[in-house]
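Asker: One line per chain: the protein sequences are A and B, in this order.
To convert, note that position 36 of the first sequence is 36 in our numbering; the numbers rise steadily by one, no gaps.
To convert, note that position 7 of the second sequence is 7 in our numbering; the numbers rise steadily by one, no gaps.
These are calculated hints, taken from the structure and not from any lab test.
The structure presented is a predicted model; accordingly, all values stated were derived computationally and were not measured.
Be a bit skeptical, because a hint or two may be false.
Claimed, not checked - One-sided and incomplete, this derived list gives chain B residues near chain A with beta-carbon spacing under 7 Å:
id: 1; residue: Gly44
id: 2; residue: Trp47
id: 3; residue: Tyr101
id: 4; residue: His107
id: 5; residue: Trp109
id: 6; residue: Gln111
id: 7; residue: Leu114
id: 8; residue: Thr116
To be verified - Quick partial rundown of chain A residues pointing at chain B, CB under 8 Å, derived from the structure:
id: 9; residue: Val3
id: 10; residue: Ser32
id: 11; residue: Ser36
We treat Cβ as the ideally placed atom computed from N, Cα and C, and that holds for glycine.
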Amino acid sequence: QTVVTQVPSFSVSPGGTVTLTCGLSSGSVSTSSYPSWYQQTPGQAPRTLIYNTNTRSSGVPDRFSGSILGNKAALTITGAQADDESDYYCVVYMGSGIWVFGGGTRVTVL
Amino acid sequence: EVQLVESGGGLVQPGGSLRLSCAASGFAVGTHYMTWVRQAPGKGLEWVSVISSGGSTYYTDSVKDRFTISRDNSKNTLYLQMNSLRAEDTAVYHCARGRDYYDTSPHYWGQGTLVTVSS
């Protein structure tokens, strides 16, 4: 079974830029995978940041952007702030009605 | 405003059954794709199942033949019937709705209900 891969953790300085990626153990993530990105803080429900690769959800600051980089989906945080410290998950459409989440990336702002 | 409120979680013995509910408000459950996503303690999100507006259902392999997703349009409620429960099913279960009538991904989320499978 194909696994969706994310780097487990990343650190970024306040005001800095970080790019999180979301790949497949076999194959490529493309716009046809309709990748979405979610932010989750402990004890809270996930919040949808990006859908359909690069569309920001309502109310999401424009420092969050989505794209395809090579064969992976990417979430870039430009000008990171302290309250961006969270877990970030991608989800990818595998076809036949099935979606698969990545393992998540914990972002630390320090 | 889209609101989703899960209930029905609790402690159940291995091999037992539980039915989760997700009460929706602000929209009709029968007109959107509705999804269940779970998160084991300290672990990541796991997509579990989705039901389409037309009633088609899809499951992740680990719950096939054990879990059943359904909805009651008159009660505007989504369900997840979970049978033959295992320790590895222990998780917070979130229901979610697609962004619009055609979106099959989880977009709007409920807060979740905790299921603990233990003897």
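Asker: Each hint should be assessed against the structure and marked as holding or not.
Answerer: Against the structure, the hints come out as follows:
no.	hint	in the structure
1	Gly44	holds (4 Å)
2	Trp47	holds (4 Å)
3	Tyr101	violated (14 Å)
4	His107	holds (5 Å)
5	Trp109	holds (4 Å)
6	Gln111	holds (5 Å)
7	Leu114	violated (11 Å)
8	Thr116	violated (16 Å)
9	Val3	violated (12 Å)
10	Ser32	violated (13 Å)
11	Ser36	holds (5 Å)
When each numbered hint is compared with the structure, violations occur for hints 3, 7, 8, 9, 10.
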